[in-house]
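Undergrad: Using the hints, position chain B against chain A.
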Amino acid sequence: MFDLVAFIPRAVVQAIPLLYGCTGETLSEKAGVLNLGIPGVMYVGGICGVIGSFLYEQSTGGDVNAFLVVAIPLLSCLLGSLLMGLLFSVLTITLRANQNVVGLAMTTFGVGVGNFFGGSLIKLTGSAVPSIALSTTSGYFSRTLPFAKSAGVFGKLFLSYGFLAYLAILLAVAAGYLLKHTRIGLHLRAVGENPATADAAGIDITRYKYLSTCIGCMIAGLGGLYYVMDYASGVWSNDAFGDRGWLAIALVIFTLWRPHVAIFASFLFAGLYILYLFIPTGTNLAVKELYKMLPYVVTIIVLIITGMRNKRENQPPAGLGLPYFREDR
Amino acid sequence: MDSRSIAVSMRGITKTFGATVANDDVSLDIYKGEILSLLGENGSGKTTLMNMLSGIYFPDSGQISINGQPVTISSPREAFEHGIGMIHQHFKLVDVFTAAENIVLGLEEKGKLDLKRAAARIREICDAYGFDVDPQQKIYDMSVSQKQTVEIVKVLYRGADILILDEPTAVLTPQETEKLFAVLRNMRRDGKTVVIITHKLHEVEEISDRVAVLRKGRYIGEMKTSETNAQEMTNMMVGREVTLNINRPEPKDVRPRIRVEHLTVRSEDKVLKLDDVSFTAFGGEILGIAGISGCGQKELLESIAGLQPVESGEISYLHDDGSAESLLGKDPQEIARLGVSLSFVPEDRLGMGLVGSMDLTDNMMLRSFRRGSSVFADRRGPQRLAERVVRELEVNTPGISTPVRRLSGGNVQKVLVGREIASAPTVLLSAYAVRGLDINSSYVIYDLLNQQKRKGVAVVYVGEDLDVLLELCDRILVLCGGKVSGIVDGPGADKSTVGLMMTRLGGEK
Chain A
9 MFDLVAFIPR
19 AVVQAIPLLY
29 GCTGETLSEK
39 AGVLNLGIPG
49 VMYVGGICGV
59 IGSFLYEQST
69 GGDVNAFLVV
79 AIPLLSCLLG
89 SLLMGLLFSV
99 LTITLRANQN
109 VVGLAMTTFG
119 VGVGNFFGGS
129 LIKLTGSAVP
139 SIALSTTSGY
149 FSRTLPFAKS
159 AGVFGKLFLS
169 YGFLAYLAIL
179 LAVAAGYLLK
189 HTRIGLHLRA
199 VGENPATADA
209 AGIDITRYKY
219 LSTCIGCMIA
229 GLGGLYYVMD
239 YASGVWSNDA
249 FGDRGWLAIA
259 LVIFTLWRPH
269 VAIFASFLFA
279 GLYILYLFIP
289 TGTNLAVKEL
299 YKMLPYVVTI
309 IVLIITGMRN
319 KRENQPPAGL
329 GLPYFREDR
Chain B
13 MDSRSIAVSM
23 RGITKTFGAT
33 VANDDVSLDI
43 YKGEILSLLG
53 ENGSGKTTLM
63 NMLSGIYFPD
73 SGQISINGQP
83 VTISSPREAF
93 EHGIGMIHQH
103 FKLVDVFTAA
113 ENIVLGLEEK
123 GKLDLKRAAA
133 RIREICDAYG
143 FDVDPQQKIY
153 DMSVSQKQTV
163 EIVKVLYRGA
173 DILILDEPTA
183 VLTPQETEKL
193 FAVLRNMRRD
203 GKTVVIITHK
213 LHEVEEISDR
223 VAVLRKGRYI
233 GEMKTSETNA
243 QEMTNMMVGR
253 EVTLNINRPE
263 PKDVRPRIRV
273 EHLTVRSEDK
283 VLKLDDVSFT
293 AFGGEILGIA
303 GISGCGQKEL
313 LESIAGLQPV
323 ESGEISYLHD
333 DGSAESLLGK
343 DPQEIARLGV
353 SLSFVPEDRL
363 GMGLVGSMDL
373 TDNMMLRSFR
383 RGSSVFADRR
393 GPQRLAERVV
403 RELEVNTPGI
413 STPVRRLSGG
423 NVQKVLVGRE
433 IASAPTVLLS
443 AYAVRGLDIN
453 SSYVIYDLLN
463 QQKRKGVAVV
473 YVGEDLDVLL
483 ELCDRILVLC
493 GGKVSGIVDG
503 PGADKSTVGL
513 MMTRLGGEK
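Chains A and B, in that order, are what the protein sequence lines are. Just so we're aligned, residue 9 is where the first sequence starts under this note's numbering, counting upward by one. Just so we're aligned, residue 13 is where the second sequence starts under this note's numbering, counting upward by one.
Chain A with its partners taken away, still in its complex shape:
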């Protein structure tokens, strides 16, 4: 019998990093910036949180302040992702370098940075296994809502997550509202659709692109932090983050650039992603591999369906990936 009550919370915690990445990437893509560096940014976000938390835990010797133990990793993560966002913005927006190339380079760079510092910290602790455990910090990050244990199935399904999980959903809802219903969102979308038009309308293209890319990176970075501190219970090991960053980018296309759709889509994606763990034991291993394909198969199907319906609103922002220079014709 398929255990839905066990499956859904597992899918949700799997979904949260994807949701962060997707919300962040959607914001920057809506402003016409295709940031393929998101996997790297999430990786850097994770390791920066780890570094902050590691240094704080070391300096206090286990006797931690409840506020600082959350605030320090959070701020280090945001700072690290912001720096990555700024790097990407300077290269692609100010210097108008090719966004695809810079993005891919950023991903390689981000993973390298993460593994370098991760490796160094592991050396510092001198532990026998190649990982760092920050269980004190993680304890605070994964603290569930009250009544999670006592409210039965309801508690398990809705209350059993750390605060970053709820923040992810809030941010996605807020981003969806921002894009659809506010003047800032209207301007942002105009910048992504047709920068020349936005420029002629007096919108500061550079500012919008910088802000959306940097804020997008910071949101995506939180996905990395959530992964380490909550999902992985504070254990950092190199390369454990896997291909979640790429999944997040696939999710952006899957959701047709709509952050509020991303909430459900990320749950679906994550569910499909881990479905193979829930197939009955004894099933052929080859079948298991087929299950792992599901998220990608679904993305392709969605692309085919939206392609056939061919609605203009479902297309990527028209200016996506293109640098803008006012006096260029």
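If you're looking for bench data, these hints aren't it; they were derived computationally from the structure. Just so you know, these numbers come straight off a predicted model, no measurement behind them. Keep in mind that a hint or two might mislead.
As the list claims (entries may be wrong) - Only pairs whose alpha carbons sit at most 30 Å apart, straight line, appear in this in silico BS3-like list of lysine-lysine:
1) B:Lys124 - A:Lys188
2) B:Lys44 - B:Lys159
3) B:Lys228 - B:Lys264
4) B:Lys128 - A:Lys319
5) B:Lys495 - B:Lys159
6) B:Lys44 - A:Lys319
7) B:Lys150 - A:Lys319
8) B:Lys507 - B:Lys212
9) A:Lys164 - A:Lys300
10) A:Lys319 - B:Lys507
11) B:Lys128 - A:Lys188
12) B:Lys122 - A:Lys188
13) B:Lys236 - A:Lys319
14) B:Lys44 - B:Lys212
15) B:Lys124 - A:Lys319
16) B:Lys310 - B:Lys191
17) A:Lys188 - B:Lys150
18) B:Lys124 - B:Lys191
19) B:Lys159 - A:Lys188
As the list claims (entries may be wrong) - Simulated restraints, written as ranges between beta carbons of each label pair:
20) A:Thr291 - B:Leu284: 53 to 61 Å
21) B:Ser338 - A:Leu311: 37 to 45 Å
22) B:Tyr152 - A:Leu311: 40 to 48 Å
23) B:Val156 - A:Asn123: 51 to 59 Å
Here a beta-carbon is modelled for each residue, glycine too, at the ideal position from N, C-alpha and C.
TA: Using the frame of chain A, we list chain B on its own:
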């Protein structure tokens, strides 16, 4: 008239792009409550000059004053603050937004984004000047003229009292142009100042109070419209005497070339575009096609060129020995090999036939790269051709290795038409060849078409300007709603008769 006060004064404006001097020491005054025509050939710097007024470009040197106050306009937003709004030739609209969203775009009003209130104000403006805009309609669902209306409303919504229109009529039908001019007159009555960039002389005469002429980036002079005439304005624009008559050599050695019988075509969404169209195009003559835009002109040419699926009917190519070869079922490449060449200038000019980011030589190669036996494409031929087109059509370009999209609209077109003519066709299908071209370039194109006619090429010319069709063509086929309304002989044809035929089948009252 000393009561006029100066709204905008530009002094000593110079702007260069790399090695090209777009504006050289231009000084121009614009008065309140007048309609000023800014006249000049393609690439004479009209648009650049106005772009500096609207904050798109920043002058290298010179001073702009508004209502007597010296100002610097470094962004479009600052231009709005000074009450200047520009309607660009290439519309600055976001396709996936509604009209209302486009109109409020960039405004920093207090409070929440309230599209309902915006829609109400848009309707007010529409009622005041006689526009027709649905605020909820998406831009990609709109016709060119509707998009232009949105642009104008956008500028008025911002409270502009100086409006600049860059070649507003280039893409409009005569009826739409009439409507636009009525609106512009309403604005003038309202005390607004209008600058209209154009090179259509009869429009200058019809709408404007005053005309200023630019040539090669320099200010040549200004005069009252009522005190000048088309000949004088042309001479000032071109800088030498130009005759305003189009040649029509007697057709010689005429032989049938393309025969179209009972052609019926439906568009993708099953709308009837051509209905039982039959005619023959002869080598050695120019067959004009007249009609209100969207009456099947495009489908007709595309069917002949093999780009459009045909529902029923027959199109045949007639060889010199009189034998007929059906063109239906052939792919465009085979048809092109028979010598059928299509140059279609779409409304956005770059859309068909040229690749914007490629240079002149490479664009010439698009026609010829399949020829030759070696695995390497021949570059020298296209390069020579590019040089010849630049020289003969006086294309204003820094060189043949400049990407086409860097050229001004008219020059882009010369490249396209020049290339098609150079492919030495037996049938030359040309649509809107002079769309947006200035008078001098237009005459160069007419000459080219006549040359082809003398060589025995069957020229099919789809045009917008009825006067030109009447002067240039040997026969005119009038389309009305996809049906043939009639075929008239060019010499002796009467403008009002043809005009009536365009609107009613057969031209009956």
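Undergrad: Take the hints in turn and mark each one as holding or not.
TA: Tested hints:
The suggested pairing of B:Lys124 with A:Lys188 holds, with an alpha-carbon distance near 12 Å, which does not exceed 30 Å. Of the supplied pair hints, the one linking B:Lys44 and B:Lys159 holds, its CA atoms being roughly 27 Å apart against a limit of 30 Å. Between B:Lys228 and B:Lys264 the alpha-carbon distance is near 39 Å, which puts this suggested pair outside the 30 Å criterion. About 24 Å separates the Cα atoms of B:Lys128 and A:Lys319, which keeps this hinted pair within 30 Å; it holds.
A C-alpha spacing of about 28 Å is found between B:Lys495 and B:Lys159, which places the hinted pair at or below 30 Å, so the restraint holds. Taken as a hint, the B:Lys44 and A:Lys319 pair is broken in the structure, with Cα atoms around 45 Å apart against an allowance of 30 Å. A distance of roughly 12 Å separates the Cα atoms of B:Lys150 and A:Lys319; the hinted pair therefore holds under the 30 Å criterion. The suggested pairing of B:Lys507 with B:Lys212 holds, with an alpha-carbon distance near 18 Å, which does not exceed 30 Å.
Using a Cα cut-off of 30 Å, the hinted pair A:Lys164 and A:Lys300 holds, with the two alpha carbons roughly 26 Å apart. Between A:Lys319 and B:Lys507, the direct Cα distance comes to roughly 43 Å. Violation of the 30 Å bound is thereby established for this hinted pair. Taking the CA atoms of B:Lys128 and A:Lys188, the gap is about 15 Å. The hint holds against a cut of 30 Å. A C-alpha spacing of about 18 Å is found between B:Lys122 and A:Lys188, which places the hinted pair at or below 30 Å, so the restraint holds.
Taking the CA atoms of B:Lys236 and A:Lys319, the gap is near 51 Å; set against the 30 Å cutoff, the hint is violated. Of the supplied pair hints, the one linking B:Lys44 and B:Lys212 holds, its CA atoms being roughly 23 Å apart against a limit of 30 Å. Taking the CA atoms of B:Lys124 and A:Lys319, the gap is about 28 Å. The hint holds against a cut of 30 Å. Only pairs whose Cα atoms come within 30 Å are accepted, and B:Lys310 paired with B:Lys191 is accepted, the gap being roughly 25 Å.
Pair hint A:Lys188 plus B:Lys150 holds up; C-alpha atoms about 15 Å apart against a cutoff of 30 Å. A hinted pair counts as satisfied when its Cα atoms are at most 30 Å apart, and B:Lys124 with B:Lys191 does not qualify at roughly 35 Å. For the given pair, B:Lys159 sits about 23 Å from A:Lys188 by alpha-carbon distance, which is consistent with the 30 Å threshold. Between A:Thr291 and B:Leu284 the C-beta distance comes to about 58 Å, which sits within the given range of 53 to 61 Å.
At about 40 Å, the beta-carbon gap between B:Ser338 and A:Leu311 stays in the expected band of 37 to 45 Å. In this structure the supplied range 40 to 48 Å is violated for B:Tyr152 paired with A:Leu311, their Cβ-Cβ distance being about 21 Å. With their beta carbons about 56 Å apart, B:Val156 and A:Asn123 fall inside the hinted range of 51 to 59 Å.
The earlier numbered hints that this structure contradicts are 3, 6, 10, 13, 18 and 22.
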